[in-house]
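Novice: Input sequences plus hints: build the corresponding full structure.
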Amino acid sequence: MKFLFLVRSAQAGPPPPALIEAMGKLAEREIKAGRLLDTGGLMPPAAGAEVRINSGKIGVTDGPFIEAKEVIGGYAVFELPGKDAALASAKEFMQLHLDLFPGWEGTCEVRAFAPAGP
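Residue 90 in the numbering used here sits at position 89 of the sequence shown, with consecutive numbering throughout.
By construction, these hints were calculated from the structure, which means they are not laboratory data.
Bear in mind the structure is a predicted one, so any value in this text is a computation, not a measurement.
Some hints could be false.
[Claimed, not checked] Only pairs whose alpha carbons sit at most 27 Å apart, straight line, appear in this in silico DSS-like list of lysine-lysine:
#: 1; residue 1: 33; residue 2: 84
#: 2; residue 1: 33; residue 2: 92
#: 3; residue 1: 92; residue 2: 3
#: 4; residue 1: 26; residue 2: 84
#: 5; residue 1: 26; residue 2: 3
#: 6; residue 1: 70; residue 2: 58
#: 7; residue 1: 92; residue 2: 26
#: 8; residue 1: 92; residue 2: 70
#: 9; residue 1: 3; residue 2: 58
#: 10; residue 1: 33; residue 2: 3
[What the hints assert, rightly or not] Pairwise CB distance ranges, derived in the manner of DEER restraints:
#: 11; residue 1: 93; residue 2: 54; range: 32 to 40 Å
#: 12; residue 1: 34; residue 2: 64; range: 32 to 40 Å
#: 13; residue 1: 11; residue 2: 50; range: 16 to 24 Å
Think of the CB as a built atom: it goes at the ideal place given N, C-alpha and C, for glycine as much as any other residue.
Specialist: The following block contains the structure:
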């Protein structure tokens with residue numbers, strides 16, 4: 002099954018170098034094993050925009066978005082046997098943050114992709 006991980010947190014600044022290094026090693030291992038299909042960090046909301054439909058009109062709002070308490074800082078796409086494996090992978094990733102980014106708080110949302118086809 003294919004899973005999307007979305008990492009959200011308050012805007013806490015850049016991660017420490019030790020966390021970047023550990024995430025790189027984890028990503029390398031998961032890529033070699035064929036489980037990690039894509040991953041990346043995202044620019045701050047100030048560099049983005051939202052496109053919305055409201056009252057039948059399309060509007061664009063440039064970032065930052067004041068109403069956002071947490072922002073998506075990164076994502077990963079995995080191919081894993083099932084939800085249990087996805088949760089284990091997410092816990093391992095979050096443990097790196099707990100160990101190497103003191104004071105960081107956030108979430109890793111784990112979502113399965115819908116099956117393709119009609």
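Novice: Take the hints in turn and mark each one as holding or not.
Specialist: Hint-by-hint comparison with the structure:
{"no.": "1", "hint": "33 to 84", "result": "holds (21 Å)"}
{"no.": "2", "hint": "33 to 92", "result": "holds (20 Å)"}
{"no.": "3", "hint": "92 to 3", "result": "holds (17 Å)"}
{"no.": "4", "hint": "26 to 84", "result": "holds (23 Å)"}
{"no.": "5", "hint": "26 to 3", "result": "holds (21 Å)"}
{"no.": "6", "hint": "70 to 58", "result": "holds (26 Å)"}
{"no.": "7", "hint": "92 to 26", "result": "holds (16 Å)"}
{"no.": "8", "hint": "92 to 70", "result": "holds (23 Å)"}
{"no.": "9", "hint": "3 to 58", "result": "violated (34 Å)"}
{"no.": "10", "hint": "33 to 3", "result": "holds (17 Å)"}
{"no.": "11", "hint": "93 to 54: 32 to 40 Å", "result": "holds (38 Å)"}
{"no.": "12", "hint": "34 to 64: 32 to 40 Å", "result": "holds (35 Å)"}
{"no.": "13", "hint": "11 to 50: 16 to 24 Å", "result": "holds (21 Å)"}
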